[in-house]
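Novice: Sequence:
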Amino acid sequence: MRQLPFFFLILFIFCSCASTKKQPAQAEEVYLFSYFKGNGDGLHLAYSLDGYNWQALKNDSIFLKPTAGNDKLMRDPCIIRGADGRFHMVWTVSWNEKGLGYASSDDLLHWSEQQFVPVMAHEPKARNTWAPELTYNEEKKEYMIYWATTITGLYPETQSEKDDAYNHRMYYVTTKDFKNFSETKLLYDPGFNVIDATIIKDDNRYVMFLKDETREPAKKNIRMAYSESLTGPYSEAGPPITGNYWAEGPTTLKLGDKWLVYFDKYTEHSMGAVQSEDMQNWTDISDKISFPKGMRHGSIFKVTKAEFEKLQ
Numbered sequence: 010m011r012q013l014p015f016f017f018l019i020l021f022i023f024c025s026c027a028s029t030k031k032q033p034a035q036a037e038e039v040y041l042f043s044y045f046k047g048n049g050d051g052l053h054l055a056y057s058l059d060g061y062n063w064q065a066l067k068n069d070s071i072f073l074k075p076t077a078g079n080d081k082l083m084r085d086p087c088i089i090r091g092a093d094g095r096f097h098m099v100w101t102v103s104w105n106e107k108g109l110g111y112a113s114s115d116d117l118l119h120w121s122e123q124q125f126v127p128v129m130a131h132e133p134k135a136r137n138t139w140a141p142e143l144t145y146n147e148e149k150k151e152y153m154i155y156w157a158t159t160i161t162g163l164y165p166e167t168q169s170e171k172d173d174a175y176n177h178r179m180y181y182v183t184t185k186d187f188k189n190f191s192e193t194k195l196l197y198d199p200g201f202n203v204i205d206a207t208i209i210k211d212d213n214r215y216v217m218f219l220k221d222e223t224r225e226p227a228k229k230n231i232r233m234a235y236s237e238s239l240t241g242p243y244s245e246a247g248p249p250i251t252g253n254y255w256a257e258g259p260t261t262l263k264l265g266d267k268w269l270v271y272f273d274k275y276t277e278h279s280m281g282a283v284q285s286e287d288m289q290n291w292t293d294i295s296d297k298i299s300f301p302k303g304m305r306h307g308s309i310f311k312v313t314k315a316e317f318e319k320l321q
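Start counting the sequence shown at 10; every next residue gets the next number (the numbering used here).
Hints were generated in silico from the structure; no laboratory data involved. Mixed in with the good hints, there may be bad ones.
[To be verified] Lysine-lysine pairs mimicking DSS-like chemistry, simulated, CA-CA at most 25 Å apart:
| id | residue 1 | residue 2 |
| --- | --- | --- |
| 1 | Lys188 | Lys107 |
| 2 | Lys229 | Lys149 |
| 3 | Lys150 | Lys185 |
| 4 | Lys267 | Lys67 |
| 5 | Lys228 | Lys185 |
| 6 | Lys263 | Lys297 |
| 7 | Lys210 | Lys171 |
| 8 | Lys302 | Lys150 |
| 9 | Lys267 | Lys194 |
| 10 | Lys267 | Lys297 |
| 11 | Lys267 | Lys319 |
| 12 | Lys274 | Lys302 |
| 13 | Lys171 | Lys228 |
| 14 | Lys149 | Lys171 |
| 15 | Lys74 | Lys229 |
| 16 | Lys150 | Lys171 |
| 17 | Lys210 | Lys149 |
| 18 | Lys229 | Lys185 |
| 19 | Lys263 | Lys149 |
| 20 | Lys314 | Lys274 |
| 21 | Lys228 | Lys67 |
| 22 | Lys171 | Lys302 |
| 23 | Lys150 | Lys228 |
| 24 | Lys297 | Lys229 |
| 25 | Lys311 | Lys185 |
| 26 | Lys46 | Lys134 |
| 27 | Lys81 | Lys150 |
[Stated by the list, open to error] Label pairs and their in silico Cβ distance ranges:
| id | residue 1 | residue 2 | range |
| --- | --- | --- | --- |
| 28 | Glu192 | Asn79 | 21 to 27 Å |
| 29 | Asp116 | Lys188 | 33 to 39 Å |
| 30 | Glu245 | Lys194 | 15 to 21 Å |
| 31 | Glu122 | Ser191 | 21 to 27 Å |
| 32 | Gly162 | Asp116 | 27 to 33 Å |
| 33 | Glu170 | Asp93 | 41 to 47 Å |
| 34 | Asn290 | Ala227 | 22 to 28 Å |
| 35 | Glu237 | Lys67 | 38 to 44 Å |
| 36 | Asp115 | Asn68 | 22 to 28 Å |
| 37 | Gly162 | Ser244 | 23 to 29 Å |
Note that beta-carbon positions come from the ideal geometry of N, C-alpha and C, so glycine has one too.
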């Protein structure tokens with residue numbers, strides 16, 4: 010065989026090696042959104058590959074029906090992957106009970122027995138336990154569960170009869186095993202009626218997104234507060250990051266260098282979102298997202314591609 014010129018020989022070797030390299034892998038993680046419908050029918054899951062377009066799994070059927078509590082609702086489901094690799098979920102079991110629901114799973118299909126955790130049972134004037142969330146404290150190797158409660162008679166200066174005298178502040182407990190829980194403590198009193206807090210870690214600080222539930226004059230918007238410690242103290246709440254509509258149930262996702270905060274435009278029966286690169290200047294991108302019809306707010310978390318395929 011005739012000898013190839015040196016230049017073409019090198020080119021041939023380079024092309025041969027390149028053809029044996031692995032092709033770019035597809036995304037190894039899928040975003041999941043836990044949510045409920047109606048008054049709290051059970052756990053639903055939607056998925057997204059880009060964080061903007063979301064589709065319901067299993068034809069929007071229920072992955073877990075609620076059994077905890079007297080009213081057996083499942084509202085505001087919050088799911089995180091724990092340090093043990095399991096998925097841990099908390100949720101609102103009732104409009105008026107003094108505890109919350111908890112269950113865990115390895116695969117989001119088979120769940121542990123549902124527990125009612127009586128986090129406000131010690132308080133005779135507690136009216137409710139709403140929208141619990143979970144955040145893992147890496148420094149202390151423990152979980153913090155936090156939620157909104159109205160205790161009749163407290164903070165009369167921010168009470169409104171238009172909200173049926175509900176007047177919330179944020180409370181919390183910590184746990185390492187979801188069997189033993191700390192004493193319930195006050196987490197955040199911003200000086201107004203507050204619900205639906207969710208906390209993420211951003212570098213060396215904790216960022217709390219929360220709903221200003223003030224009714225007179227109506228606020229009903231999402232705001233932010235900061236702390237160097239997960240359990241606080243948190244700063245004063247900043248200005249609203251949402252627009253001229255009522256919003257609740259924030260949850261967050263970081264896509265590249267952009268932060269997205271999704272929320273429930275509950276009076277408009279739709280979902281909304283805002284986006285920021287610096288957590289100071291926010292742009293409404295509600296017209297750029299899509300969600301399953303009739304979904305209500307919950308939380309976002311990630312799963313592997315293999316885990317996702319099992320859910321289909």
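Novice: Checking against the hints above, which ones are violated?
Specialist: Failing hints, ascending: 2, 4, 5, 7, 8, 9, 11, 14, 15, 16, 18, 20, 21, 22, 23, 26, 27, 29, 32.
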